[in-house]
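Top to bottom, those sequences are chains W and U.
The numbering of the first sequence is numbering that gives the first Met the number 0, which starts it at 0 and goes up by one.
The numbering of the second sequence is numbering that gives the first Met the number 0, which starts it at 0 and goes up by one.
Treat the hints loosely; a few may be bogus.
[To be verified] Ranges between beta-carbon positions, derived for each pair:
(1) U:68 / W:265: 25 to 31 Å
(2) W:168 / U:124: 42 to 48 Å
(3) U:46 / W:142: 37 to 43 Å
(4) U:124 / W:205: 31 to 37 Å
(5) W:193 / U:46: 23 to 29 Å
(6) W:161 / U:36: 26 to 32 Å
(7) W:164 / U:128: 30 to 36 Å
Please keep in mind that the hints were generated in silico from the structure rather than gathered at the bench.
Remember, it's a predicted structure, so these values are computed and weren't measured experimentally.
For each residue, glycine too, the CB sits at the ideal point set by N, CA and C.
What follows is the residue order along each chain.
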Amino acid sequence: MSYYQVPIGPQHPAIKEAFQFNFILDGEVIVDVKPRLGFVHRGIEKGMELRTWVQGIFLAERICGICNVPHTTCYCLAVEKLYDIDVPERAKYLRIIINELNRIHSHLLWIGILGMELGFHTLFMYVWRDREKVMDLVEMISGNRVTPSMNCIGGVVYDITPEMIPIIKRNLDYLEERTKYYKSVLEEDPSIRARTVDVGVLSTEKALDLCAVGPTARASNVKSDVRFDDPYTLYDTIDFNLITYDTCDVWGRAMVRVDETLESISVVRQALDKMRPGPINVKVKRIPPVGEATARVEAPRGELLHYVKSDGKETPYRAKMRTPTMANIPSLCEMLKGYHIADIPAIVASIDPCYCCTERVIFIDPNRGEKWVWSYDELRNYSRKYYGVGV
Amino acid sequence: MPSILAWSRIRSPWILYMCTGACNACDIEVLAALAPKYDVERFGILLKGSPRHADVLIVTGAVSRQVAPRLKRIYEQMPDPKFVIAAGTCATSGGVYWGCYNVLGGIDKVIPVTMYVPGCPVRPEAVIDAVAKLIAKLKSG
């Protein structure tokens with residue numbers, strides 16, 4: 000029996016970002032997967048050290064454009080721990096609202112992408128039409144559709160005025176109705192069920208072993224959500240459910256996300272009702288005191304961790320992030336084994352991969368000798384350019 | 000024969016789309032331009048998976064050192080005449096990633112660019128504007 004290798008990527012129709020998989024196949028069946036990361040690696044952690052603390056917010060926002068709000072929230076929470084200040088209550092609720100709007104947009108986006116991966120283009124078009132309602136809300140609050148730049152060290156920048164609240168509630172009502180409809184589509188549509196049920200199974204034990212996070216873990220019946228485990232801002236004052244499914248397959252991951260969208264809509268409504276008038280930020284000194292701090296936030300894709308260290312200078316001494324897609328890649332490789340080539344798009348999409356998040360770290364490949372894809376010339380040119388020697 | 004080619008190119012430019020190190024925000028905005036609210040498909044634009052089918056390459060993001068040779072190869076695989084749209088501030092100049100060691104800068108460091116669309120992230124309206132201007136440019140020859 001001979002295996003053959005199919006490289007997919009880095010430019011491919013399924014995922015927008017550059018990423019390469021080497022599939023080892025036995026006929027149609029996947030035997031092994033070798034992912035190759037690093038195409039979108041930009042060196043953001045080092046870049047953080049070149050920027051002031053405030054400029055760091057803008058770079059943190061551009062680690063990932065889809066889950067930009069959790070990134071800035073997490074960075075600001077960590078820096079606020081350095082200052083040891085408490086953010087005003089209204090700012091905490093505003094942070095919850097903007098985080099949950101981000102989650103709604105990210106999950107709806109993902110449902111559309113799943114439809115596209117399954118060849119169900121109609122679903123993609125419908126979901127992306129409805130997603131524009133969230134984008135309109137974010138634009139109304141902050142003036143920008145995707146990156147609201149809402150958080151600052153010590154609070155938030157933009158307030159929600161009383162005139163905005165009826166518009167937000169009206170759009171949320173519309174979204175709730177549509178999301179319920181998409182839930183019924185995912186539950187009942189025979190073509191979706193045929194492509195997703197019992198595909199890409201990740202058992203509860205495996206999910207725990209491989210440290211899966213976010214909806215990927217929750218679809219394998221692992222109760223893990225930072226909003227419950229370690230409530231930040233004021234999530235402990237809000238009543239909502241932790242969604243888990245025990246089907247462990249792609250369908251379960253889709254259902255977790257749909258149900259979470261409904262929960263997020265209810266969280267935004269509660270936060271709007273609980274919000275009292277007051278200040279939205281506190282003034283802080285330009286440079287935080289010496290120390291180090293971490294913060295955890297539940298991003299749409301899972302647990303996000305930011306670490307910052309200050310040595311009393313104008314720029315951070317060190318900044319480090321751990322993002323959810325990176326944590327889910329071992330699980331993804333496990334899920335793919337034993338399924339067919341045709342299942343690849345659905346399974347890869349099911350962890351909601353976001354390589355922009357993942358690739359700010361240097362990925363040291365332990366099997367570099369056998370996996371390295373660069374030709375010798377490319378490697379040589381790179382090293383010469385890097386050290387400034389003429390090519 | 001050449002007039003049929005030119006006519007079909009104006010009526011239906013096919014696009015290929017590549018992320019060279021963007022933060023994903025431009026990517027979802029370019030995709031939103033293809034979705035129903037903005038709908039660039041009314042200009043006959045179709046998203047394609049292969050560089051060999053494409054007339055227009057839309058690139059988002061600053062070019063990282065790793066992806067630069069791939070970008071060049073994809074550009075070379077496209078049939079002539081080919082057009083490149085740099086979508087977003089990062090694709091135009093490197094943008095917010097100044098000083099990051101693995102970022103080369105704008106995509107014009109690697110391949111020639113027909114049109115720059117600034118914005119962080121680029122708005123779907125700006126993408127539509129760029130496409131309309133590109134089609135006008137094709138019409139005028």
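Against the structure, the hints:
In this structure the supplied range 25 to 31 Å is violated for residue 68 of chain U paired with residue 265 of chain W, their Cβ-Cβ distance being about 49 Å. A hinted range of 42 to 48 Å for the beta carbons of residue 168 of chain W and residue 124 of chain U is inconsistent with their spacing of about 27 Å. A hinted range of 37 to 43 Å for the beta carbons of residue 46 of chain U and residue 142 of chain W is inconsistent with their spacing of about 29 Å. The hint said 31 to 37 Å for the Cβ distance between residue 124 of chain U and residue 205 of chain W, and at roughly 45 Å that hint is violated.
Here the CB-CB span from residue 193 of chain W to residue 46 of chain U is close to 25 Å, well matched to the stated 23 to 29 Å. For residue 161 of chain W and residue 36 of chain U, the hinted distance range of 26 to 32 Å is satisfied, since their beta carbons lie about 28 Å from each other. Checked against the hint of 30 to 36 Å, the pair residue 164 of chain W and residue 128 of chain U passes, with Cβ atoms roughly 33 Å apart.
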